[in-house]
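Visitor: We have chain A already, so just place chain B on it with the hints.
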Amino acid sequence: MSGFADSRARSDGPLKIAVPRGALFGETLDVLDGAGIDTAELRGDSRSLIFEASGVILVTMRPSDVPTYVESGAADVGITGKDVLLEQADRVVYELLDLGFGRCRMVLAAQTGDDRLAEAQRRLGMLRIATKYPRIAERYFESTGRQVELVEVKGSVELAPLVGLGDGIVDLVATGRTLEENELEVREEIVECTARFVANRVSHKLRATEIDELTAKLREASR
Amino acid sequence: MIHPIPPGTRDVLPDEMRELRRLERALIEVFEARGYGEVATPAMEYDEVLARGDGRGAGSTYRFFDESGELLALRSEMTVPIARLVASRFAGTQEPPYRLCYLASAYRAVRPQRGQMREMVHAGVELIGASPEEGTVEVIEVLEAALDAAGLERAVIGLGDADLYRQLLEELGVEGETRDAVLASLATHDLVGLEEELSAAGIGSERVQTCVALTQLRGGSEVLDEARGLGGASVETAISRLSETYAELERRGAADRVQIDLGLLRDLGYYSGAILEVYDPALGHILGGGGRYDGLMERFGIDLSAAGFALYLERVHTAQMEESRR
Numbered sequence: 001m002s003g004f005a006d007s008r009a010r011s012d013g014p015l016k017i018a019v020p021r022g023a024l025f026g027e028t029l030d031v032l033d034g035a036g037i038d039t040a041e042l043r044g045d046s047r048s049l050i051f052e053a054s055g056v057i058l059v060t061m062r063p064s065d066v067p068t069y070v071e072s073g074a075a076d077v078g079i080t081g082k083d084v085l086l087e088q089a090d091r092v093v094y095e096l097l098d099l100g101f102g103r104c105r106m107v108l109a110a111q112t113g114d115d116r117l118a119e120a121q122r123r124l125g126m127l128r129i130a131t132k133y134p135r136i137a138e139r140y141f142e143s144t145g146r147q148v149e150l151v152e153v154k155g156s157v158e159l160a161p162l163v164g165l166g167d168g169i170v171d172l173v174a175t176g177r178t179l180e181e182n183e184l185e186v187r188e189e190i191v192e193c194t195a196r197f198v199a200n201r202v203s204h205k206l207r208a209t210e211i212d213e214l215t216a217k218l219r220e221a222s223r
Numbered sequence: 224m225i226h227p228i229p230p231g232t233r234d235v236l237p238d239e240m241r242e243l244r245r246l247e248r249a250l251i252e253v254f255e256a257r258g259y260g261e262v263a264t265p266a267m268e269y270d271e272v273l274a275r276g277d278g279r280g281a282g283s284t285y286r287f288f289d290e291s292g293e294l295l296a297l298r299s300e301m302t303v304p305i306a307r308l309v310a311s312r313f314a315g316t317q318e319p320p321y322r323l324c325y326l327a328s329a330y331r332a333v334r335p336q337r338g339q340m341r342e343m344v345h346a347g348v349e350l351i352g353a354s355p356e357e358g359t360v361e362v363i364e365v366l367e368a369a370l371d372a373a374g375l376e377r378a379v380i381g382l383g384d385a386d387l388y389r390q391l392l393e394e395l396g397v398e399g400e401t402r403d404a405v406l407a408s409l410a411t412h413d414l415v416g417l418e419e420e421l422s423a424a425g426i427g428s429e430r431v432q433t434c435v436a437l438t439q440l441r442g443g444s445e446v447l448d449e450a451r452g453l454g455g456a457s458v459e460t461a462i463s464r465l466s467e468t469y470a471e472l473e474r475r476g477a478a479d480r481v482q483i484d485l486g487l488l489r490d491l492g493y494y495s496g497a498i499l500e501v502y503d504p505a506l507g508h509i510l511g512g513g514g515r516y517d518g519l520m521e522r523f524g525i526d527l528s529a530a531g532f533a534l535y536l537e538r539v540h541t542a543q544m545e546e547s548r549r
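First to last, the protein sequences are chains A and B.
Under my numbering, the first residue of the first sequence is numbered 1, with each subsequent residue one higher.
Under my numbering, the first residue of the second sequence is numbered 224, with each subsequent residue one higher.
One should not assume that every hint holds.
Said to hold, decoys possible - Here are some chain B residues the structure puts well away from chain A; computed CB gaps all over 10 Å:
id: 1; residue: Ala266
id: 2; residue: Arg334
id: 3; residue: Glu471
id: 4; residue: Ala477
id: 5; residue: Asp503
Claimed, not checked - Here are the simulated distance ranges between beta carbons:
id: 6; chain 1: A; residue 1: Ile50; chain 2: B; residue 2: Gly338; range: 31 to 37 Å
id: 7; chain 1: A; residue 1: Ala89; chain 2: B; residue 2: Gly315; range: 30 to 36 Å
id: 8; chain 1: A; residue 1: Glu189; chain 2: B; residue 2: Glu247; range: 52 to 58 Å
id: 9; chain 1: A; residue 1: Ala89; chain 2: B; residue 2: Glu247; range: 32 to 38 Å
id: 10; chain 1: A; residue 1: Met126; chain 2: B; residue 2: Glu393; range: 32 to 38 Å
id: 11; chain 1: B; residue 1: Gly338; chain 2: A; residue 2: Ser54; range: 52 to 58 Å
id: 12; chain 1: B; residue 1: Thr232; chain 2: A; residue 2: Gly44; range: 46 to 52 Å
id: 13; chain 1: B; residue 1: Gly338; chain 2: A; residue 2: Arg62; range: 18 to 24 Å
id: 14; chain 1: A; residue 1: Asp12; chain 2: B; residue 2: Ala456; range: 36 to 42 Å
id: 15; chain 1: A; residue 1: Thr209; chain 2: B; residue 2: Glu393; range: 39 to 45 Å
id: 16; chain 1: A; residue 1: Asp12; chain 2: B; residue 2: Arg233; range: 26 to 32 Å
id: 17; chain 1: A; residue 1: Gly36; chain 2: B; residue 2: Gly425; range: 34 to 40 Å
Honestly, the hints are just simulated from the structure, not real lab data.
Just so it is clear, CB atoms sit at the ideal spot from N, CA and C, and this is done for glycine as well.
Chain A extracted, bound-state conformation (with noise of 0.2 Å):
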C-alpha cells in the first residue's frame, strides 16, 4: 500500500489541472489549446497563479510540484517532465501520456577533455558528482555498479565541476548549449525525457469520462 499522506483535496467542481511554468510552459499552453483549452489569459502578463477557461481550471506552479498536487488530488490531472517523475518515483500520479515535446537528455557531463572521472573511479573507487536529481543520479549509479557520493545542489550545478565541488554532474541536457559554455562535455546519457500528462488515481476513477476525453485530445494534439 502507498500514498498515505494525509490530504484534504476535493475532486469536485471543474476538473483542475495543473500547468508547469517554466521550460515546459509555452508548448503545455500549445497542447492545451490543441485541445480545445482556451490558454490565452496564461499567457498574458497576469500575476495569477489560477485560471479559469474552457470549463476547467488550470493551476500554475514549478514542474516540481506537479506530482505534488497531483497526488494528493488537490489538482485532478497535470502536465510535468518525465524527469520529475523519475526523481519522485515515490508519488503515486498515474502516468496516462507521452506528450512528446520537452524532449532532453539526462547525463552524466565532466570538464571536456579532463579524466578526473576515470581517476577517481580507479584510485578512489568513488565518484563525486554534483546533481539536482540525486535518486536518478543514485538509481543510475548503483545499477551500473559504481560507487558515488552524491552532492545535492539546488541551483546550477555546471559550477560544482568547475570549483572541484565533485568530478562531474548529472543533469538535464536540452541542447547542450549550458554545457559547452561552461567547457563541459556528455561521457554518459541515462535517460531521455519528455513531458508526461498524468492523473491523480481517484480522480482517474471517478471522473473517467472527463479524463478520458481530456486524454484522447491531448494524445491528438500532441500529435
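Guide: What follows is chain B alone, placed relative to chain A:
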C-alpha cells in the same frame, strides 16, 4: 515543555476521539448486524506467520526479537492474522463459513517528510469458507452498508480482477524480469512505461494497444462488453467472472455504487479474483480496499475460499468531515 513522539504517530484528543468512536461503533454495528462477530488478535506476531501472507516479504516493517530470541513483527494489516486465527481456533470445531470483523491498529513503513502515518486503524470484515460467487457479493453488500453508516453516500467501490493481468501476460508469453517490470508498470499505472515494456518484450503493437486500452476500462456494465471486444482467453475468464458478480449485484439492487475497473491492481501478493478499492469524491486517496484471497487459507493448512475488505478509519473520518462541509 514539548516531549516528542516518533514521526508518523499521533495523539488523539477528545473532540476527534468522540467522532472516531462514533464512527467505529457505527461500523461494528453494521458488521455485527450482518453476522460478523468481532475478534481481536495481538498487534505483534511471529514474523514467519505474517510473512506467509505476502510472498514478496513486503509484509511487516517493524521487526524485533523477544527475550528468547524469537523474531516478532507488528502486523501491517488484519487479513493474515485472521487467516491464522481461523486456522488455529475454528478448524475442526466449527463449520464454515466464518464471518468475522475487526477494528485494529496496523503498522506500515512511511517515507520521510511525507506526513504519512505509521499507525492507522483498519475496520473490516473477513468472510471465510463461503462460495466465491456468493462471498464476493456479500462482502460488497457489507461494504456498501458500512459506507452508508459512515454517511459517505457518494463513495464508489471499484471492482476489478486480480488474475486478469497475470493470466494475460502468461497468454502473451511474457515471463521473468519483463513480467515483473510489466506488472510494476501496471501497479503504478504507468501507461507510457507499460507500452515500452510490452513493445520491448516483442509483443505486436496491436496487442500492446489492447493491453493499454484494457487498463483504461472503468465504468458500468458497458465496460464488460468493451472488454470482451478486446478478446483473449484470459480477458474472457476475468470478464465472465466480473459479469456474474455484477449481474448478481444488479439483481440485489446493490450495483449502483460499484464501478467495474479493469485497471485495478492491488499490491498485496495474496489476492486472487475479485479486488476492491473504495473512493470518495471528497478525498484524493483511497479509503480502503479488499477482495478475494482464495489461496491464502491454504498457506495456513485449510483450503477455504475467502474474501474481505478493510476501511482506513482515519481516512473515512476525514472524508466524513469533507462531505459534511459541502
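Visitor: To test your reading of the hints: which numbers does this structure violate?
Guide: 2, 5, 6, 7, 10, 11 and 15
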